[in-house]
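Engineer: These are the residues of each chain, in order.
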Amino acid sequence: MDFQLSDDHRMLQDSLRGILTRHTGEALWPALVEAGVPAALLTEDEGGFDGSGAAIALIFQELGRAGVALPLIPAMIAAAAFAQAGQPAEDGAALAFADAEPGTRHDRGVAISVQGDRLTGRKTMVAGAEGAAAILVTTADALWRLAPDAPGVTIRPYPMLDGQRGADLILEDAPATRLGAIADFGGPLARGVLAHSALALGAITAAVDLTLDYLKQRKQFGQPLIAFQALAHRMADLAVEVEQARSAVTNLSGHLDAEPALRDRHVQACKVTVGRVARLVAEDAVQLHGGIGMTEEYALGGMIRRLLAAETAMGDADWHLERFARGEPAFA
Amino acid sequence: MDMRFTPDELAFRDEVRAFLKAELDPGLARKVRLHDELTKAEMEGWHAKLQARGWLAGNWPTEFGGAGWTPIQRHIFEEESARAHAPRIVPFGIAMLGPVLQKFGSKEQQDHWLPRILNGDDWWCQGYSEPGAGSDLAGLRCAAVRQGDHYVVTGQKTWTTLGQHANMIFCLVRTSTEGKKQEGISFLLIDMDSPGVTVRPIVLLDGTAEVNEVWFDEVRVPVANLVGEENQGWTYAKYLLTHERTNIAGVGFATAALDNLQRVARAQVHRGQPLSQDPLFAAQLAEVEIELMAMSTTNLRMLSQAAQGQAPGIESSMLKIKGTQIRQRLDALTRRAYGGQASALPTLGNEGPDGADEALSATATWLNNRKLSIYGGSNEIQRSIIAGALAKG
Ligand SMILES: Cc1cc2nc3c(=O)[nH]c(=O)nc-3n(C[C@H](O)[C@H](O)[C@H](O)COP(=O)(O)OP(=O)(O)OC[C@H]3O[C@@H](n4cnc5c(N)ncnc54)[C@H](O)[C@@H]3O)c2cc1C
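Protein sequence lines, in the order shown, are assigned to chains C and W. Residue numbering for the first sequence follows the UniProt record's numbering, beginning at 1 and increasing consecutively. Residue numbering for the second sequence follows the UniProt record's numbering, beginning at 1 and increasing consecutively.
Only chain W is shown next, with the shape it has when bound in the complex:
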């Protein structure tokens, strides 16, 4: 066993650091650190810089224009990016749809859509959830009826993250009501500029509107936009979910949050000393740091298994649970470090207390990050997956 990064990996880390230092605008990094809502242009700008370096699609094989990184390289890139407060790569095109098209899409679909993801021509969003189908995703009702060369789609999707910026949405739609409910689902690519598509923002507790409701009213979608086979969408969705769940541990984000909390604890005064010196607070801080140390290694152990070709099983569910618990705990501690100052919310109005935007962002972040344990398969669903696997032995 060797727990050190190899010389190649270390060299790669230095490259990533140098890139971030040269290319990441400090104003943008500050916005990311304070969890401010980024504009579409800011996100696209960062994608373009990464693409220019060949690093936008670390998870894609080189034959499709990706970087072809090993899982360890991806981990290094994600951790360094998070610690430098770089915008996170919007996952829908790169991390989710890309791998599905590469595995199940037709040659035409690959040739058309994959380059457009890389060069920023399309902004994708994910249309899975519906008001009645959340954890029970297979209960979805949004229907696609074949009429000649088109599917006619009618129904509603919800919680589509950043759908307000998107021109394309990949959807799970019901193409059959016979047999098991998982068996009548298809995977369809829909142009959001089509007649009959309506998008309405949903405002969240922190005042941001990063999610949307999307309605389809007899929207005509060319049959060419069906991925794989009709009624086989569930298979592709499951494949996509395992991809959605890589980097689910969020070690980089947790490390960045820990760095931030340590900085706050040094600056806050408690009994005439930095709060970081307070035994009670220091113990709480140490506890979550220790949790993170172990989780980080759990993550690396599982990554190196994946690098040896073992498919992630319940490991990704474990990482999801532990990773989100640690991040939510860090958010809670950050609010506690700020004490009474954590009682204003900048995004609800235009102004906050002068010079106190850091304290304000603590509560906004706490509120927004409740999503971590809800989306991508809630923590309860992950526990059922783990328990189910354990029971089977």
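Just chain C, same shape as in the assembly:
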């Protein structure tokens, strides 16, 4: 076995780290495109050049670490799904993915229904819906391609927890194109889970590093906080859990192309493990910081909010745990 990054991936990581330290805000996206990041997320068949689990894990970890909020994950999932259905999106087009629904934790088809090839109902927390060229929509058992400017489509935007713009998608008899059964799109959806998990892992690492630095520097009772055994042991426990999360992401990235049943167990295990660790880190990082950890001004806050957002995307730990226990596919 070999867990080392390949030379290509190491170069990708280096250039990505460089870009993420040099560019912020509006300037970031063009720099990422120029470095070929979006293309590295897709296979050649899908119009990209890499698309491996390793590349996806690497890229999203770096983005998560740097705290970047871009609707890159939904765009990647949608592009892969469209490509699999033989309907590639135009090059560089912004794509959105509408999965979560109001009134349910993560079930699909609760708030949305299908009549022929028309959709009626609601989706929620749709990142990047404003200005998207096309939206990938889930219903109870199918995937659809929706044009945002089609009749019967209303997009109601608002800010989301991770700093992105999200939206409610309100559909009234809106025409859409059926791409196929959800069960046939386990591949593209599994990459979405990998991307969310890697993003969370990046934020987890950043939050734990920041907390450790803080404990070394903050003094109370005449000593740095890390000198108090109760806190040192909490940090040690967090370090152990971070490695578990890292392995869960590694497992999924290495099984993205495995046969569906095995791949799905890794999808679920990854969501369960990373979700649990994300929650633990969010709670402990704030607690170990004390009051400062709860403030908007301090860097930890953004990480915590992104962790919470990644935790619930595409099904949280509870949802995937149940499906794992029942031996059900991850997406059906």
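Accuracy of the hints is not assured; some may be wrong.
Cβ pair distances, simulated, as ranges [stated by the list, open to error]:
(1) W/P201 / C/G187: 46 to 52 Å
(2) W/E289 / C/Q223: 36 to 42 Å
(3) W/D121 / C/R22: 54 to 60 Å
(4) W/A282 / C/Q87: 38 to 44 Å
(5) C/Q229 / W/Q262: 36 to 42 Å
(6) C/A258 / W/G272: 28 to 34 Å
(7) W/W215 / C/G152: 55 to 61 Å
(8) W/G27 / C/R10: 58 to 64 Å
(9) C/N251 / W/A282: 29 to 35 Å
(10) W/E289 / C/T120: 52 to 58 Å
(11) C/D237 / W/D121: 46 to 52 Å
(12) C/N251 / W/Q277: 28 to 34 Å
(13) W/A209 / C/P329: 42 to 48 Å
Simulated pairs of lysine-lysine, PhoX-like, Cα-Cα distance not exceeding 20 Å [unchecked claim]:
(14) W/K21 / W/K49
(15) W/K181 / C/K219
(16) W/K31 / W/K21
(17) C/K219 / W/K21
(18) W/K180 / W/K103
(19) W/K103 / W/K181
Facing chain C, from chain W, some residues (calculated, C-beta under 8 Å) [unchecked claim]:
(20) G134
(21) S135
(22) V203
(23) L204
(24) R271
(25) S276
(26) L280
(27) T363
(28) R370
Rather than coming from a laboratory, the hints here were simulated on the basis of the structure. A virtual CB, placed ideally from N, CA and C, is assigned to each residue, including glycine.
Since chain C is already given, all that's left is putting chain W with the ligand on it; use the hints.
Structural biologist: Okay, now just chain W with the ligand, sitting in the frame of chain C:
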């Protein structure tokens, strides 16, 4: 042993319920339930209604204008108020400063300040913490130097809850740097309208700004505003903290959160059924309910000890830890019940998804309630207190 409330206590509970039903505006209750930030007028309005009924200061003896309730009555009032989503009584004047003035203040101070707390003339906030002095409160540096009839105060306080509304702040200040650091601290009442006081809001993760930084730049405070003796402030602060820690278990708040979560779980759909029917979720819900049942009785056991005159010791630390764990667990479960919908934050922008403010408040509440295990002596500090007492035997 008799675990039932006495007929008197039951009658009192009915009275409280009837009062809440008659006086609590449903719109206000909804804001409280969704953890929306209340305006100053809303908080003051609720205080005024309670005061009109003689119930604002349940913990004060009647000689000072309080209700003189037993600990059990206070518990009943707090639990019923929380379950009805009444605004919580802002603690700084009523629960904290009041008892200190009653025990350590001069007659003049009692006659002047206590009625003003009750009738709403003053809004108090608590100036203890400083950037360098959090858990290690005795490390505080904000200095008060005596000059004739005044103390001249210079330094910074932080985390002052609702200080933006306050006209008065009670502070721990350093009046001596000799000897043990606990021994050079005094308890001072400062008018926030004095020249040299600056207040800056601190925005928290949920987008609210309930805490502030406060600076004192050579602020002149009359010596008459010193409570008790100079350099004895630590004693008064410790006394105040034991008061701050009554109702620390927050049984009423936890019960209200549990009611809310059960309602959410019935409404959310999972596999075509209410989420409350889902075995995994139902088990998690049952577990925290069972924890709450035990904690509620732990709380009552300790209250009835207190009613018999036993001072709360490590019990209040135990209640603080368990109470905050249960509430934070309920917050986490509520987010989980909402799943993907819990990923927006209303207070960061003006609008949220239509009709989904309940789901949104779940995450805001989770974020805001991280404070429960940090303030009032963090849970780690409480564990050290318990462990220290256990070690001493
Ligand atoms: C929302 C909010 C409202 C507040 N309101 C007020 C107010 O109105 N007035 C006021 O005066 N203060 C207020 N506080 C301040 C509060 O009391 C302090 O935040 C608290 O005492 C912790 O101090 P700190 O934030 O400096 O954390 P620190 O003391 O730096 O602690 C950081 C972490 O280290 C842990 N730790 C510290 N020392 C030890 C040790 N010896 N052993 C083990 N663990 C340790 C702590 O438990 C915590 O987890 C408020 C705080 C918050 C968050």
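Engineer: Each hint should be assessed against the structure and marked as holding or not.
Structural biologist: Hints versus structure:
no.: 1; hint: W/P201 / C/G187: 46 to 52 Å; verdict: 49 Å, holds
no.: 2; hint: W/E289 / C/Q223: 36 to 42 Å; verdict: 41 Å, holds
no.: 3; hint: W/D121 / C/R22: 54 to 60 Å; verdict: 57 Å, holds
no.: 4; hint: W/A282 / C/Q87: 38 to 44 Å; verdict: 42 Å, holds
no.: 5; hint: C/Q229 / W/Q262: 36 to 42 Å; verdict: 39 Å, holds
no.: 6; hint: C/A258 / W/G272: 28 to 34 Å; verdict: 31 Å, holds
no.: 7; hint: W/W215 / C/G152: 55 to 61 Å; verdict: 57 Å, holds
no.: 8; hint: W/G27 / C/R10: 58 to 64 Å; verdict: 59 Å, holds
no.: 9; hint: C/N251 / W/A282: 29 to 35 Å; verdict: 30 Å, holds
no.: 10; hint: W/E289 / C/T120: 52 to 58 Å; verdict: 38 Å, violated
no.: 11; hint: C/D237 / W/D121: 46 to 52 Å; verdict: 50 Å, holds
no.: 12; hint: C/N251 / W/Q277: 28 to 34 Å; verdict: 32 Å, holds
no.: 13; hint: W/A209 / C/P329: 42 to 48 Å; verdict: 46 Å, holds
no.: 14; hint: W/K21 / W/K49; verdict: 13 Å, holds
no.: 15; hint: W/K181 / C/K219; verdict: 16 Å, holds
no.: 16; hint: W/K31 / W/K21; verdict: 16 Å, holds
no.: 17; hint: C/K219 / W/K21; verdict: 49 Å, violated
no.: 18; hint: W/K180 / W/K103; verdict: 24 Å, violated
no.: 19; hint: W/K103 / W/K181; verdict: 23 Å, violated
no.: 20; hint: G134; verdict: 5 Å, holds
no.: 21; hint: S135; verdict: 5 Å, holds
no.: 22; hint: V203; verdict: 4 Å, holds
no.: 23; hint: L204; verdict: 5 Å, holds
no.: 24; hint: R271; verdict: 7 Å, holds
no.: 25; hint: S276; verdict: 12 Å, violated
no.: 26; hint: L280; verdict: 6 Å, holds
no.: 27; hint: T363; verdict: 6 Å, holds
no.: 28; hint: R370; verdict: 5 Å, holds
Checked against the numbered hints listed earlier, the structure breaks hints 10, 17, 18, 19, 25; every other hint is satisfied.
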